[in-house]
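As you go down the protein sequences, you meet chains A and B in turn. Per this note's numbering: the first sequence ends with 80, consecutive numbering throughout. Per this note's numbering: the second sequence ends with 415, consecutive numbering throughout.
These are computed hints drawn from the structure, not numbers from a lab. Where a beta carbon is used, it is the ideal one built from N, C-alpha and C, also for glycine. Among the hints, erroneous ones may be present.
[Said to hold, decoys possible] Only part of the chain B face toward chain A is listed, based on derived beta-carbon distances under 10 Å:
| hint | residue |
| --- | --- |
| 1 | Thr123 |
| 2 | Pro250 |
| 3 | Pro257 |
| 4 | Tyr300 |
| 5 | Asn301 |
| 6 | Arg306 |
| 7 | Gly307 |
| 8 | His310 |
| 9 | Asp397 |
| 10 | Thr401 |
[Said to hold, decoys possible] Taking beta-carbon pairs under 10 Å as the criterion, some of the chain B residues facing chain A (in silico):
| hint | residue |
| --- | --- |
| 11 | Val251 |
| 12 | Gly302 |
| 13 | Gly304 |
| 14 | Ala308 |
| 15 | Ala343 |
| 16 | Phe399 |
Letter by letter, the chains look like this.
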Amino acid sequence: MQLIDCPWCGPREEVEFHYGGQAGVAYPAAPAELSDEEWARFVFHRANPKGPLHERWSHSAGCRRWFTAVRDTATYRFEK
Amino acid sequence: MTDTTTGPDARPWQPPDHPDFLWRTPEPKRSYDVVIVGGGGHGLATAHYLAKNHGITNVAVLEKGWLAGGNMARNTTLIRSNYLWDESAAIYEHSLKLWEGLEEDLGYPILFSQRGVLNLAHTEQDVRESLRRVEANKLNGIDAEWIGPDEVAKICPIVNVSSDIRYPVHGATYQPRAGIAKHDYVAWGFARRADEAGIDLIQDCAVTGFTTDGDRVTGVRTTRGEIAAGKVALCAAGHTSTLTDLLGIPVPIQSHPLQALVSELLEPVHPTIVMSNAVHVYVSQAHKGELVMGAGVDSYNGYGQRGAFHIIERQMAAAVELFPVFARAHLLRTWGGIVDVTADASPIVGRTPYENVYLNCGWGTGGFKATPGIGWCLAHTIAHDEPHPYVAPFGLDRFVTGALVDEHGAAAVAH
Numbered sequence: 001m002q003l004i005d006c007p008w009c010g011p012r013e014e015v016e017f018h019y020g021g022q023a024g025v026a027y028p029a030a031p032a033e034l035s036d037e038e039w040a041r042f043v044f045h046r047a048n049p050k051g052p053l054h055e056r057w058s059h060s061a062g063c064r065r066w067f068t069a070v071r072d073t074a075t076y077r078f079e080k
Numbered sequence: 001m002t003d004t005t006t007g008p009d010a011r012p013w014q015p016p017d018h019p020d021f022l023w024r025t026p027e028p029k030r031s032y033d034v035v036i037v038g039g040g041g042h043g044l045a046t047a048h049y050l051a052k053n054h055g056i057t058n059v060a061v062l063e064k065g066w067l068a069g070g071n072m073a074r075n076t077t078l079i080r081s082n083y084l085w086d087e088s089a090a091i092y093e094h095s096l097k098l099w100e101g102l103e104e105d106l107g108y109p110i111l112f113s114q115r116g117v118l119n120l121a122h123t124e125q126d127v128r129e130s131l132r133r134v135e136a137n138k139l140n141g142i143d144a145e146w147i148g149p150d151e152v153a154k155i156c157p158i159v160n161v162s163s164d165i166r167y168p169v170h171g172a173t174y175q176p177r178a179g180i181a182k183h184d185y186v187a188w189g190f191a192r193r194a195d196e197a198g199i200d201l202i203q204d205c206a207v208t209g210f211t212t213d214g215d216r217v218t219g220v221r222t223t224r225g226e227i228a229a230g231k232v233a234l235c236a237a238g239h240t241s242t243l244t245d246l247l248g249i250p251v252p253i254q255s256h257p258l259q260a261l262v263s264e265l266l267e268p269v270h271p272t273i274v275m276s277n278a279v280h281v282y283v284s285q286a287h288k289g290e291l292v293m294g295a296g297v298d299s300y301n302g303y304g305q306r307g308a309f310h311i312i313e314r315q316m317a318a319a320v321e322l323f324p325v326f327a328r329a330h331l332l333r334t335w336g337g338i339v340d341v342t343a344d345a346s347p348i349v350g351r352t353p354y355e356n357v358y359l360n361c362g363w364g365t366g367g368f369k370a371t372p373g374i375g376w377c378l379a380h381t382i383a384h385d386e387p388h389p390y391v392a393p394f395g396l397d398r399f400v401t402g403a404l405v406d407e408h409g410a411a412a413v414a415h
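With the hints as extra help, turn the sequences into a complete structure.
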């Protein structure tokens, strides 16, 4: 099983973690001004690269804190 | 055995006679009317129906690996059409009807076996959802019925229908026309027919870029040179984003590993297909005798065509709970494919911002059953430059209009 490095608890088994998808997706600053296309982009579209991806992870069965990690989606290796 | 590589009669080593190939291995031409990117089931079926239904044969199917070596080689081969919504029922039932005549159409055995599918209900909510889906199926002319635990046990005696398990079986929906087919033979059958029609199947040919002129794509750049294209169809499943990112077309899919596994060969014990969303099992017994089971997707995005073992472990635990007899079976092999998941568990098919590029993706965990149906409809879409009525509801624009086709109940978990 893959070990994931929690910034607070250190390396723990993958089953202790919950995946939160792409990191850095900000809520629209002016939601009332968004067009339907812009809402669709915010709600449904996320990066899907083959390679490094900035992601949110939660150490849900440990300290329960969220952190951002960079993981390569082709190798599944955490880069930092 | 005589060594013929040395001594007075030495001659170069010769491989044994190879059986006849089912298709040619052509060099790519400089230009085609239609270029299909992705030589899996959907790409090959599209090629077949372009030739058969529309007489379009100046077509190339480009495959970055070997033919049908991606999800087409990795799925659990379940075929059914008992989806909830009219839009889904139409395309999946069209596909099932094509499956029923496919062996004849392809002139090739595909071992299509209509052994029926049981979708188990384990909670009151499951029961309500199942009854609703059965009635919806009937209204759409799809064979479906609701059966109780006793009848479940009659159809598939190895299911544990006792009340002392964590998620007891309250009943099931039953679609007798559902079935399985031999996935490799399906791909080879389509490939052979497409090849006979003069379509070039080009393997080991990865697309590395596109040449565009305004809102048209004029050609694809590949590891085997540049190929001009009148129209381009993307049939790359879990790898679609790697192509649409090159084109700058945002597509709302996420690629996840999906794992499956087989047991060793066993005597026939499992006469049908059993699926359970709540316990998360879907299992059938292949013709050779392996129990074929699928897991859920791994949670994270991934392209590695493998997944984590704890997913398999969880899957086995669920299977043994529902099928106690499996406890003595040995796991023979596990593997993973990459599936393209959408927000509403429905595919994305149709036109794109480029006027001659057509998209076919988002089939997620259940694209195999759609193979002939989507091939038929995508070929129509390409030939007429207009979405076939069965795929029209699945356009990219539904994420803007909000007209989603939410099939999470019938599709998201179980396949």
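Cross-check of the supplied hints:
1. With a cut of 10 Å, the hint placing Thr123/B at the interface with chain A is violated, because the nearest CB-to-CB distance is about 24 Å.
2. Taking 10 Å as the C-beta cut-off, the interface hint given for Pro250/B holds, the closest approach to chain A being about 5 Å.
3. At a threshold of 10 Å, the smallest CB-CB gap from Pro257/B to chain A is about 9 Å, leaving the interface hint in force.
4. Interface hint at Tyr300/B: satisfied, since its Cβ lies 5 Å from the closest Cβ of chain A, which is below the 10 Å cut-off.
5. At a threshold of 10 Å, the smallest CB-CB gap from Asn301/B to chain A is about 5 Å, leaving the interface hint in force.
6. For Arg306/B, the suggested interface contact is upheld, since its CB lies about 8 Å from the closest CB of chain A, less than 10 Å.
7. A distance limit of 10 Å between C-beta atoms decides the matter here; for Gly307/B the minimum to chain A is near 9 Å, and the interface restraint holds.
8. This hint holds: His310/B has a C-beta 5 Å from the nearest C-beta of chain A, less than the 10 Å allowed.
9. Checking Asp397/B against chain A by beta carbon gives a least distance of about 9 Å; that is within 10 Å, so the hint holds.
10. Restraint check, Thr401/B versus chain A: the minimum CB separation of about 7 Å is within 10 Å; hint holds.
11. Residue-level restraint check for Val251/B holds (minimum Cβ-Cβ distance to chain A is 8 Å; threshold 10 Å).
12. Checking Gly302/B against chain A: minimum C-beta separation of about 5 Å stays under 10 Å; hint holds.
13. Look at Gly304/B: its Cβ gets to within about 5 Å of chain A, closer than 10 Å, so that hint holds up.
14. The criterion of a C-beta within 10 Å of any C-beta in chain A is met by Ala308/B, whose closest approach is roughly 6 Å, and the hint holds.
15. At its closest, the beta carbon of Ala343/B sits 5 Å from a beta carbon of chain A; the interface hint therefore holds under the 10 Å criterion.
16. Here the hint on Phe399/B is kept, as its CB sits about 5 Å from the closest CB of chain A, short of 10 Å.
The structure is inconsistent with hint 1 alone, although it conforms to all the rest.
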